[in-house]
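Peer 1: Here's the letter readout for the chains.
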Amino acid sequence: MIKSLVLDLAYHLHTSNSYQKTKHFFYNILENSDNNYKRYVDLFMITLIFISVAILIREVKSHVEDSLVFFNNFVISFIFLMEYILRLWVSSSVTQTIIDQHEHDLLIGEKFRLSKALKKILFTKLKYIFSFKALIDLFAILPFFHQLRLLRMFILFRVFKLFRYAKSIQTFTSVLKAKKFEFLTLSIFASIVVFVSSVVIYVIEANNPDATISTFFEAVYWSIVTISTVGYGDISPLSSEGRVVAMFVIVAGIGVYSFTTSLIVTSFTEKLDEIKDLKLIDDVSKIQSFYLICGYENISREVAKRLCKNNDVIVLEEDPIKVESAKKDGFIALNYDPGSTESYKRLRIDIQKQVKAILCLGQSDVENVYTALTIRSFNQDIFILSILKNSTNRAKLTFAGVNEIVYDKELIGAVSKEFVGKPVAFEAIHALHSSHYDVEVEELLIDERILESYNYVGEFNNKKYRIVLLGIYRQSKEEFVFNPSDEEPIEFGDYLLVIGKAIFITEFNNYLHTKVS
Amino acid sequence: MNEKVALLFGDNEYTQEIVKNISSEYGEIHILTLDNSKENNFDLSDNWDDLSQKYDMSLCNAFCLLDDIAENIFLTISLRDSFKDLTIISLSHDRESTRKLHLAGATKVLPSIETTANVVAEMLEKPIVTKVMHKILYEQSDLKIAQVQIDDDSLFLKENNQKLYTDIEWCKEHGIIVISVVHEDMSSEFIYSSKAAHHVVQSGDTFVVVGYDKDIQAFEKIIGQKSEK
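Protein sequences appear in the order of chains V and S. If you read the first sequence in the working numbering, its first letter stands for residue 24, the second for the next number, and so on. If you read the second sequence in the working numbering, its first letter stands for residue 2, the second for the next number, and so on.
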């Protein structure tokens, strides 16, 4: 009876959209560092921690208003308690464990063993509860029981909660973790030195009536103060033998101190590239819209230079030397293989949402076909442009799902024809395109705002803005109306193709969007 | 009959594409290679006497399309040294070689990477402009781009004497759009630039126009009509 009730409830919750949505929401804001709202939750929590600690400090020697004490003991603690419960909730799925156990038992033809499922749940939850971070969270809630005055000191555990929210502290910990063995060796060495010197100094000094070291605790205290190179001077050896021991401890202290420093510096240097890479990946995942260039060759450099004027451009390249070259050219470059699905997963790039278009500009058709196929294997819609190196491979690129193929030899052929046939026109068009004249051919979208004020071409005042209206491109019919008459109607979604100085085109566009009353 | 001769130095994919595109512009097209086993070969150490004996160089245009950029520059400089007035069109792959080819005396440099990069960037940033302009420039539609020069004794010049460019109703009267004006000194001006706005129609001016073939032909006819002296 209970078993079937529990099972029904588990299946109900597991398939309930609202339950899963709510759980996912809390998981995102508490644990998912890619989530945009998490940083606000983290900031809020950090603020609460500082408020809490500030009240504690103030409370030591001054009277703190009751409302503030209430806020600290109840409101903040309650928020932390809620956070603790939510984290415990999202740490693992109870329903999933029950369902898995049921399906497993069904498969092997046994009765559903609820007790086994509950054991597994208990084990998973306890594993979380006794994790370092969860323990700190728990201690941070304890001041809630403020009647126990000692527990007030647990407010300080709230400071440790900063580990959860400040990424730089997490980075520091991970760097130290990488040198765990070295730090352990160092601590063992330091402990032996402290222990031996404490015993020796105690044996030498303890029986001297004038000595400041009279207990073993004082000997240990002296050893630690000396080996750490702090040396308060409140306790010091008086006998010559004691001073000899002190000299050894001081030398050992210098060794321990410098070794520790060098260990930290080395581990940081070793991890620097990784840290930088992680930071870069983090930054890239926050860029809302960009062009993704796969492969960094000469053509990629030139294309990136043009695109980066108005857009963000990210370069993916497998060769570290080329990545460095891209970085030197001022682009965001990541040392990942563009032909591997794993790269996109690790980079956390949402192709559909973030990427405007993917440009396969690798050094060979083989590379570009491979990259295009990789991308198509997990995204069917993104626009892919590729250059073609050898005309015989055109069909392969199309087959791989490339939307637009650019063949440089074909372009050079067309340009040659234009130059040979109409050299003056060619030069004039080329000059208009060059930045020297600042003249551009631009497309202006006819939107609802423009249609509110204008219906016909004749109503535009393009001559006033020194703009040539080359024609209208009717997107719906995919036709180009060249040199439209004044009576030509304009429609929503049309594009005006205009030639003029960039600044005048902007002014003209603004003028079109200014409502005529 | 078209007597113009194209001499293409180097045999590669660029050569094949250029041959496809320029065949209508030349009476003869010859591909010369560095490969000694082929009949039409050349050597970079040649003094080009053979070439001038074989072809009338005043009718020739040379295309330097060698794969090795250093050889291509050497070829360009050798040809310029021997033939001062020859039109030399050279292929380059980067900015540095473009500069060197200009210094070597190339009349026109075809920068493959720059051209491709421009097209790729415009395709992404201005897809419609690229589509339309590509069709106009490379004659894939009825619309054409053309250059029309005004002669001294043109009737058009007489009728529009002292008229500013911007005062002439090109679109309404002739069905064409004038994009720019190229002066006798080969300096070009956008039709609505401040400088061009104060210019009057003069003999020797060349208009770069866009329009349908028949309108351009009609306009050429008007421009070409001689005034009665």
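Treat the hints with care, as some may be off.
[Stated by the list, open to error] Straight-line alpha carbon distances no greater than 25 Å define the calculated PhoX-like cross-link-like pairs of lysine-lysine that follow: (1) K132/S <-> K500/V; (2) K524/V <-> K159/S; (3) K46/V <-> K61/V; (4) K132/S <-> K412/V; (5) K21/S <-> K524/V; (6) K55/S <-> K486/V; (7) K85/S <-> K524/V; (8) K5/S <-> K173/S; (9) K445/V <-> K109/S; (10) K21/S <-> K419/V.
[Unchecked claim] Derived, one-sided and incomplete: chain S residues facing chain V with beta-carbon distance under 10 Å: (11) D69; (12) E72; (13) H135; (14) L156.
[Unchecked claim] Calculated Cβ distances over 10 Å to all of chain V for the following chain S residues: (15) E18; (16) K21; (17) E29; (18) W49; (19) K55; (20) N62; (21) F84; (22) K85; (23) R100; (24) K101; (25) E115; (26) L144; (27) D153; (28) I169.
No lab work stands behind these hints: they were computed from the structure. In this text, all values refer to a predicted model and were calculated from it rather than measured experimentally. Glycine included, every Cβ here is placed at the ideal spot set by N, Cα and C.
Peer 1: Hints first: check each against the structure and report whether it holds.
Peer 2: To see whether the hints hold, each was checked on the structure:
1. The straight-line distance between the Cα atoms of K132/S and K500/V is roughly 14 Å, inside the 25 Å bound, and the hint therefore holds.
2. Among the hinted pairs, K524/V with K159/S is inconsistent with the structure: their alpha-carbon atoms are about 31 Å apart, more than 25 Å.
3. Proposed proximity of K46/V and K61/V is supported: the alpha carbons are some 14 Å apart, at most 25 Å.
4. Distance check on the hinted pair: K132/S and K412/V sit about 22 Å apart at the alpha-carbon level, within 25 Å; holds.
5. Between K21/S and K524/V, the direct Cα distance comes to roughly 36 Å. Violation of the 25 Å bound is thereby established for this hinted pair.
6. Taking the CA atoms of K55/S and K486/V, the gap is about 55 Å. The hint is violated against a cut of 25 Å.
7. Our distance criterion of 25 Å between C-alpha atoms is broken by K85/S and K524/V, whose separation comes to about 38 Å.
8. Annotation: proposed proximity of K5/S to K173/S is violated, straight-line Cα distance about 37 Å (limit 25 Å).
9. Pair hint K445/V plus K109/S holds up; C-alpha atoms about 13 Å apart against a cutoff of 25 Å.
10. In summary, the hint linking K21/S to K419/V is supported, as the alpha carbons are separated by about 23 Å, within the 25 Å threshold.
11. Residue-level restraint check for D69/S is violated (minimum Cβ-Cβ distance to chain V is 16 Å; threshold 10 Å).
12. Among the interface hints, the one on E72/S is violated; its C-beta lies about 18 Å from the nearest C-beta in chain V, farther than the 10 Å criterion.
13. Satisfaction of the interface hint for H135/S is found here, the shortest Cβ-Cβ separation to chain V being roughly 8 Å, below the 10 Å cut-off.
14. A least Cβ separation of about 22 Å between L156/S and chain V goes past the 10 Å threshold, and the interface hint is therefore violated.
15. Annotated as non-interface, E18/S brings its C-beta within 10 Å of a C-beta of chain V; the closest such distance is 3 Å.
16. With a minimum CB-CB distance of about 6 Å to chain V, K21/S fails to clear the 10 Å threshold, and the non-interface call is violated.
17. At roughly 14 Å from the closest C-beta of chain V, the C-beta of E29/S stays outside 10 Å, upholding its exclusion from the interface.
18. With a minimum CB-CB distance of about 22 Å to chain V, W49/S clears the 10 Å threshold, and the non-interface call stands.
19. With a minimum CB-CB distance of about 21 Å to chain V, K55/S clears the 10 Å threshold, and the non-interface call stands.
20. The beta carbon of N62/S is not kept farther than 10 Å from every beta carbon of chain V, the shortest such distance being approximately 7 Å.
21. The beta carbon of F84/S is kept farther than 10 Å from every beta carbon of chain V, the shortest such distance being approximately 17 Å.
22. Residue placement check: K85/S keeps its beta carbon more than 10 Å from all beta carbons of chain V (closest about 19 Å).
23. No Cβ of chain V comes within 10 Å of the Cβ of R100/S; the nearest lies about 15 Å off, and the non-interface call holds.
24. Against the 10 Å criterion, K101/S stays outside the reach of chain V, whose nearest CB is about 16 Å from its own CB.
25. Non-interface status of E115/S relative to chain V is broken: a Cβ of that chain comes within 10 Å, the nearest being about 6 Å off.
26. The beta carbon of L144/S is not kept farther than 10 Å from every beta carbon of chain V, the shortest such distance being approximately 6 Å.
27. With 10 Å as the threshold on Cβ separation, the claim that D153/S sits away from chain V holds: the shortest Cβ distance comes to roughly 18 Å.
28. Against chain V, the non-interface label of I169/S holds: every CB pair exceeds 10 Å, the least being about 12 Å.
In this structure, the hints that do not hold are numbers 2, 5, 6, 7, 8, 11, 12, 14, 15, 16, 20, 25, 26, in rising order.
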